[in-house]
Amino acid sequence: MRLLKLALAGACALALTAAAKAEPVKIRMSWVVPVANWGSVILEKKDLLTHLGKSYTLDVIRYQGTPQTITAIANNELEVASLAYSSFAIAIDNAGLDDLRVIADEFQDGVPGYYTDQYYVRKDSGINKVEDLKGKVIGTNGGGSAVDVAIRAMLHKHGLEEKRDYTMLEGPLPAMPAMLLEKKADLIPAVLPFSFNPKLREEGRVLFNQTEALGITQMIILVARKPFIDKNRAAMVDFMEDLVRVVHWYLDPKNHDEVAKIASALTKVPPERFGWLFTKQDTYRDIDLLPNLEALQRNVDTTRELGFVKNKIDVAGHSDLSLVKEAAARLKK
Amino acid sequence: MARVTATDRPNGWPEKAARIAVTLYWGAARAVSVVVLLAAWELLARSGMFTHYQLPALSDVIERIWRDGLSGDLWINTALTLYRALTAFCICAVGGVLIGMAMSRNVIANWFFDPIVSVGFPMPKIAFLPVVILWLGVFDVSKITIIVIDAIFPVIAATVIAIQGVEKELIWSARNMGASNRELLTQVILPAASPQIMTGLQVALPLSLIVAVVAEMLMGGYGLGGAMITASRFANSTGVFAGIVEIAVVGYALVKIMALARRRLLIWHQEANAPSTA
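First to last, the protein sequences are chains A and Y. All letters in the first sequence, in the order written, are residues 1 to 333 by my numbering. All letters in the second sequence, in the order written, are residues 1 to 278 by my numbering.
Worth flagging that the hints you see were computed from the coordinates, not collected in a lab. Don't take each hint at face value.
Partial chain Y-side listing against chain A, Cβ under 8 Å, derived [as the list claims (entries may be wrong)]: (1) His52; (2) Ser194; (3) Gln196.
Pair by pair, the computed Cβ-Cβ distance ranges are [said to hold, decoys possible]: (4) Y/Gly251 x A/Asp257: 53 to 59 Å; (5) Y/Phe139 x A/Lys310: 31 to 37 Å; (6) Y/Ser59 x A/Ala265: 39 to 45 Å; (7) Y/Thr51 x A/Glu258: 52 to 58 Å; (8) Y/Lys256 x A/Pro227: 47 to 53 Å; (9) Y/Ser59 x A/Arg304: 23 to 29 Å; (10) Y/Val249 x A/Arg164: 42 to 48 Å.
Even for Gly, the Cβ is constructed at its ideal location relative to N, Cα and C.
With the hints as constraints, model all of the structure from the sequences given.
This is the structure we're talking about:
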């Protein structure tokens, strides 16, 4: 009888272990901007996610912005997050998320031959050089955002500081062209697709672009926490393999029409307005999701120099590109 | 807990001193729950159960408020939030009472406003914010407008109910004594309705502050709500909690001032000593 009990207990333990091994890892991925973040479009190509439901499950969650995303990561309610370079520094230094790791690229600004964010003034404003912005109102989508840091860096290069020399006025990015044209702001950031606004192009003029302010910018990166990566490395490599496969598909010019239809369905904007998407008119996206860590280090240093974080952050020490490299290598086999 | 009253004073104590002692005793007794909450906050934050980002210590938050006070940011942000909330509150007080009076005394006004008030009162008015921004921009006018849209309804409703609830005998007596319509309104109806109108204003004032903070959080810029959202953007939870404490203190002060004003304004009325939020 005792032997029978032992055998039953052993069988139960084995069954539980097997079940635990078979359980796919739950990955929650954030996105903020539709289409621009891979998280918003990945599940549109489920047919390419060969490991989905086997080694991992995927929930994509829309967040209002960076603060909510950082809070979710801190509370372990999010495994893979999209963050701007400045938010990455803020998450590590201010929120104390020292175990945060850069795992992949989302997009980069200012790569030669690709789009770079533009900063507009009105043609009739009399502002012809950055120094002319002294005493003016500058539009921003929020202190410490990627474009906000770029503006401050450019003005700082030309000896202008906020409060002393200019005033920042917050507004949402889609409202920026209206803020400029209605003379509520004298300089605005124009990001895609709002920089295609015909009235802005007609009545506005580019004073400088982001490349002049920051050089190449590693704008958005994918991040995850080290304990999660270490615990679920195999599933994460499978996930990255699927993501790289999906990215290959989206960036392939022969799929462009279908990509425009997907973007249209997500944003309720006619597909013909997405002619620029994932082309050279768009910001650069690495086909194997490899981020530019050198640029990221520079961008994070600029964020610190402008006072948004106190301590120096070693980007290489906060990166783990082994997942994405292994995933890309698998696809090349 | 033994209940202490002014009549329980020890022999030989002057009456005034006894009254002060009782006031202090009850004041301290009412603060116990707040003190316990604050102590629990400090202990929990220092226990290691939470990261500093999730729950900063109360002492750090107080230090942050102190630094904001020294730098002047606290006063600028508080003044701006109060300016928006109080300007909107004054508009609500005047507009709400006038509309309420009109609805109670005039059939056409009632016919016109009643459906608007009935539909608008239960609506989440903050949903109008994108439209208000579209029409009025992102500056003070739009913030004050959204506060007025939100806070005017309790004043209108309280005024209508108050005027409709005035005892008919008072009105008949005044009429019998030859009071004109104007005298009836200013000397009988409004004074008799004023306790309930004040109750509506007591609801509208904290509501004005709440909506001011929410509007600032959603629209950015200076003000207590704007400062909180900026702190949140920089993952500075000490700043966020500092904002919560500051708003709590400002809100409490406003409610107390309003209760005091009620007692002063309605000193002649039997309800004056029983304000709803005192």
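Each hint tested on the structure:
no.	hint	verdict
1	His52	holds, 6 Å
2	Ser194	violated, 42 Å
3	Gln196	violated, 40 Å
4	Y/Gly251 x A/Asp257: 53 to 59 Å	holds, 56 Å
5	Y/Phe139 x A/Lys310: 31 to 37 Å	holds, 32 Å
6	Y/Ser59 x A/Ala265: 39 to 45 Å	violated, 52 Å
7	Y/Thr51 x A/Glu258: 52 to 58 Å	violated, 44 Å
8	Y/Lys256 x A/Pro227: 47 to 53 Å	holds, 48 Å
9	Y/Ser59 x A/Arg304: 23 to 29 Å	holds, 27 Å
10	Y/Val249 x A/Arg164: 42 to 48 Å	violated, 31 Å
Violated hints, in rising order: 2, 3, 6, 7, 10; the structure is consistent with all others.
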